[in-house]
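Just so you know, the sequences run in chain order A and B. Take any residue in the first sequence, note its place counting from 1, add 1423, and you have its number in our numbering. Take any residue in the second sequence, note its place counting from 1, add 10, and you have its number in our numbering.
Treat each hint with caution, since some may be false.
Covered stretches of chain B (chain A as the covering partner; in silico rule of three or more C-beta atoms under 8 Å from a C-beta of chain A) [to be verified]:
hint	stretch
1	146 to 157
2	160 to 171
Derived BS3-like pairs: lysine-lysine, alpha-carbon spacing no greater than 25 Å straight-line [claimed, not checked]:
hint	chain 1	residue 1	chain 2	residue 2
3	B	160	A	1491
4	A	1442	A	1513
5	B	162	A	1491
It is worth saying that the hints were derived from the structure and are not from the lab. Values in this document were obtained by computation on a predicted structure and should not be read as measured data. Glycine included, each C-beta is placed from N, C-alpha and C at the ideal position.
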Amino acid sequence: MNAMQEQIRSIIHKHEGLKKNLIAILLDIQSENAYLPPEALRTVASELAVPLIDIVGLATFYRAFSLKPRGRHLVTVCLGTACHVRGGPKILSEFEKRLAVEPGETTPDKQFTLETVACLGCCAIGPVVVVDRDYYGHTTIQRVNTILKKYQRGNKPKATKRVAKHA
Amino acid sequence: MIQLKMNGLEIQAEEGWTLLEAARFYGLEIPTLCHNDGLTEFGGCRLCLVEIGEGPRSKLVSSCTYPVEEGLVVHTDTARVVRARRMMLELMLSTAPGSKKLQDLASKYGLTHQRFKPRDEECVYCGLCVRICEEQMDARAIGFQNRGNKRKISTPFDARSEVCRLCGACMYICPACQLRCQGPAAETDICNACLTMEPTCLEEYGELQCWMYDAGRCGTCVQEKRK
């Protein structure tokens, strides 16, 4: 039994090995590994006696799960209606240009994953960009580079504090 | 027994029947695509729509999933129903114009005009293959993945599944895999073969010679209809 199987077994044990806790189990695996490796899903299927196709169907259905390895930081650009009219697509193309990846892809140095979202529910501060758990409202093309710099290797993200003050 | 009214007819149905089963029991024809007698109902193709209730509060429901109710008033072929079925057929046909089953249904419903750009996909997401794999073959090798416009039917990780026995049931039941008639008419979005073609054997021998007992609809020996 390798390390990953060991880890998955302990996660399943934590959730009492119940089929109804499948989403919670997958969420835990996702937060441990930053994505859902195929072997992990196979182990879950055999441990819970759930058909593998059901687990894959569930993991591909929800946006919270990823079957591809994600980078250290997840950059999410909102393209909902309000953010769209306020220039969300322009912000996205600036991120695409700076990171040289398409939405859904990860940079070769595994630092950033770029993704889009339909709406975050905070349209008043659109266009919105979320990096990990930090929200950046009223984003402009000029600010894209500043945002990325905060998360580049070696730099400690400081935005968490700033947002906490607002909240 | 449950009493209900279907197309003006007083009918009796057993408890637990669906409207589709009751209609077929009394010989009323309702078209279906995603329905199969050996599988659970899916309610995905919406071709079996019927109108229930009366007056302005009547509504369209899928008869394959709606259970019979005491005193229910059902109409299986109102103008609204036929319009909705045509629309569903047109949409599915634009997704998979290569499907014989869809082309036949389109001819049957007099669909001669295609407004949407054909996408030439080979799937209309009826879920028959997924259900036959799970319920009849007990394999669970294929299933729905992703969602929205990225939805697809595939094996886990798009690789050969360990539980698949290559039985071919999914291809046997697929309504989009069977190729459309290869008759003399030109390739268009809607072939309307059943409207424009007739079997050659009828003229030659005076009766249909179809081995498959498909009443000349097998499409292997068709010629253009004489006007």
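Hints, one by one, checked against the model:
no., hint, result
1, 146 to 157, "holds (count 8)"
2, 160 to 171, "holds (count 4)"
3, 160/B with 1491/A, "16 Å, holds"
4, 1442/A with 1513/A, "43 Å, violated"
5, 162/B with 1491/A, "18 Å, holds"
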